[in-house]
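J.: Model the full structure from these sequences, guided by the hints.
2 protein chains.
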Amino acid sequence: MIRSVTVADVAREARVSKATAARVLGGYGVVSDKVRQDVLAAAKALDYRPNELARSMTTGKSGIIGVVVGDIENSFFSFAVRGISDTARAAGFNVILTNSGEQIEAEKAAVRVLIGKRVDGLIVTPSESRDVSHLRDIHRSGRPLALLDRALPDLDVDTVTVDDRNAAMRATKILTDIGHRTIAYVTAVDFAGHAYRGLEQIYTSSVRERIEGFLAVCREAGIVTPERFVRFGATRPEATRAITDTLLSAPDRPTAILASDSLIAIEIFKLIRQRGLRVPEDISLITFHDADWTSVTSPPITVVDQPAYLLGKAVTELLIRRLKGEIRPSQRVVIPTSIIERGSVGAPSGQKT
Amino acid sequence: MIRSVTVADVAREARVSKATAARVLGGYGVVSDKVRQDVLAAAKALDYRPNELARSMTTGKSGIIGVVVGDIENSFFSFAVRGISDTARAAGFNVILTNSGEQIEAEKAAVRVLIGKRVDGLIVTPSESRDVSHLRDIHRSGRPLALLDRALPDLDVDTVTVDDRNAAMRATKILTDIGHRTIAYVTAVDFAGHAYRGLEQIYTSSVRERIEGFLAVCREAGIVTPERFVRFGATRPEATRAITDTLLSAPDRPTAILASDSLIAIEIFKLIRQRGLRVPEDISLITFHDADWTSVTSPPITVVDQPAYLLGKAVTELLIRRLKGEIRPSQRVVIPTSIIERGSVGAPSGQKT
DNA sequence: ATCGCTATTGAGACCGGTCTCATTATAAAA
DNA sequence: TTTTATAATGAGACCGGTCTCAATAGCGAT
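Going line by line, the protein sequences match chains X and F.
Numbering-wise, the first sequence is residues 0 to 352 according to numbering that gives the first Met the number 0.
Numbering-wise, the second sequence is residues 0 to 352 according to numbering that gives the first Met the number 0.
The hints are simulated quantities; they were obtained by calculation from the structure and are not laboratory data.
Do not take every clue at face value.
It does not matter which identical chain is used: a pair holds within one copy or between any two.
[Said to hold, decoys possible] Straight line, CA to CA, 25 Å or less: simulated SDA-like cross-link-like pairs of lysine to any residue:
(1) LYS60 <-> SER329
(2) LYS269 <-> VAL295
(3) LYS172 <-> ALA220
(4) LYS43 <-> ARG111
(5) LYS17 <-> ARG54
(6) LYS107 <-> ARG48
T.: Shown next as structure tokens:
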């Protein structure tokens with residue numbers, strides 16, 4: 000490795016002290032115009048590039064925001080990440096991106112690494128609300144933390160989420176209003192055994208809220224034990240297919256499905272097609288996230304539009320304001336969603352309201 | 000900010016010298032078992048977290064790979080990035096991600112920042128082949144550089160691309176074989192004036208190769224001046240729509256379109272639909288990149304499947320091997336693509352072969 | 001008992017910046 | 001002209017690790 004040019008080298012070249020050269024190069028303190036010119040000329044001649052690492056070490060600031068996200072492959076997250084990067088860069092920050100794969104251990108490891116790298120602040124989509132010790136650690140180390148998409152009741156930090164419960168209620172209501180009484184809800188959140196054993200066992204706040212909203216509206220519509228049709232563990236395409244398969248083969252096949260994310264929905268849609276069923280005549284479908292594919296299918300899919308980019312932008316702004324020294328009680332921002340009604344919802348076939 | 004625990008603190012707690020504590024904490028040198036236990040105990044008691052920044056400063060290695068990518072929003076790149084992150088993490092590296100928005104100035108700035116952060120190596124998708132001075136700088140600074148998706152004739156570094164020319168030829172051949180004689184090629188690469196003025200003006204290697212392949216097959220099929228139907232500047236949805244609009248309104252409307260990426264293709268597809276035209280009866284469509292939406296449309300879209308994840312994995316492996324000290328001439332890996340024939344290609348309506 | 005060799009440990013320089021404080025030069029005030 | 005305030009510069013400590021080299025200790029061999 001070629002030894003890189005340092006302030007000391009520039010100082011020598013410009014015949015000034017290291018301190019003076021550093022003042023010019025670092026843009027702090029005061030120096031005479033003449034000396035400034037000399038140093039700048041020397042720096043250019045030697046092609047000096049500041050070592051941000053060394054700079055960070057003394058200042059204690061790295062200019063980096065650490066991001067731990069569930070799954071970059073999910074376009075909801077890639078939009079959020081794009082929102083984060085754009086906002087961060089505009090404010091002069093860089094981003095280190097890690098994805099946890101929704102695994103709590105990976106998430107902990109990622110946080111440990113990021114703290115080691117002395118990031119200035121972190122943005123995390125916590126995969127679990129049970130184990131938040133590592134997030135407490137961040138907070139305790141004096142580094143600001145902001146939560147994206149999922150709130151943590153026990154952790155009093157800046158949080159940006161969408162109105163999950165309300166969105167789920169509105170989406171479900173569209174289905175019940177048109178007459179559906181057998182509605183399935185499919186989510187990626189996994190359980191030992193994939194079986195639903197009660198809301199309090201769901202440790203991902205966004206998902207719990209959605210299911211709460213879903214169940215509430217179902218009950219309101221007179222559906223008994225709607226939780227029978229809540230399905231967990233659609234973490235990967237194969238799993239989603241297996242779950243959907245069982246759902247579609249059952250004697251009491253649901254007449255409508257609400258998908259918790261677009262990765263799940265696309266598999267469900269494919270499988271419905273593959274079975275020769277029609278949307279919405281045989282099965283209605285609504286999904287969370289306005290993924291690009293939802294508008295080009297026939298029929299196009301009715302979706303809950305989550306402003307993912309905005310979500311990323313909002314957390315980042317909150318975090319940066321704190322990084323810039325703003326002192327204030329932590330804020331919980333809830334961004335409203337809207338439902339884009341397209342063509343994937345229709346009255347259930349066999350029955351009428 | 001709470002002062003963090005340092006090796007000196009641990010050393011004091013364990014009643015050994017800083018050097019000794021550093022040896023066990025840093026995992027180098029030799030220490031007696033007894034002392035090791037003491038130090039470890041002290042570290043745990045104090046909740047010591049190594050400062051990777053300081054560590055990087057002395058070792059000269061940051062354990063970070065810098066990535067500059069064209070546009071994360073493009074799912075081709077998000078898959079590639081996923082391949083990069085997964086591979087990097089598996090080898091113990093972290094990733095700093097920046098996107099250039101295909102802007103050369105942004106790319107240069109990103110490279111400067113990453114070098115400042117003393118990343119161990121870089122992966123770049125160069126947006127231009129004209130101006131590579133900043134990439135030369137990387138190389139010159141002794142940091143390994145690897146190119147993703149686009150080759151640079153003048154730059155002798157590890158490069159991983161797909162067989163763009165060949166892929167374009169095969170895709171075009173499918174169209175000419177079935178009888179198309181008016182075929183448009185739409186790409187995001189922009190030009191002052193959007194007008195085609197010759198291959199040598201295209202500074203993105205992947206795009207040039209594709210267009211070369213496209214034109215070659217067109218000519219072979221007896222099409223005169225096929226370059227009349229090459230369209231540039233589909234950088235954003237609105238631009239793509241404008242371009243497509245013009246294309247579809249022309250008296251010599253193309254009977255087939257080849258799209259350079261899936262972001263372009265989806266807009267084209269939407270617009271075709273909007274105009275009441277049918278795929279493939281009125282217009283055939285093939286696109287690069289097997290985006291998820293291409294398999295759920297009616298008809299599903301015929302695509303050039305680029306193994307994006309694999310591409311990311313391959314460059315990262317090449318880079319890491321070099322980071323680990325492997326000395327060898329630079330390698331140019333070309334990954335083969337395959338065409339997935341679905342239902343978006345048909346014989347042109349008015350004419351027959 | 002003395003010597004030699006090896007296993008441990010300690011002291012302190014170093015990485016490349018920032019930053020405090022002392023010193024010198026210069027200009028304004030008395 | 002002398003005093004004093006102010007601007008500009010230099011010397012060197014510091015951040016939190018790594019690493020070299022010297023010092024000490026423990027052991028068997030002679």
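J.: Going through the numbered hints above, which ones does this structure break? Give me the numbers in ascending order.
T.: none
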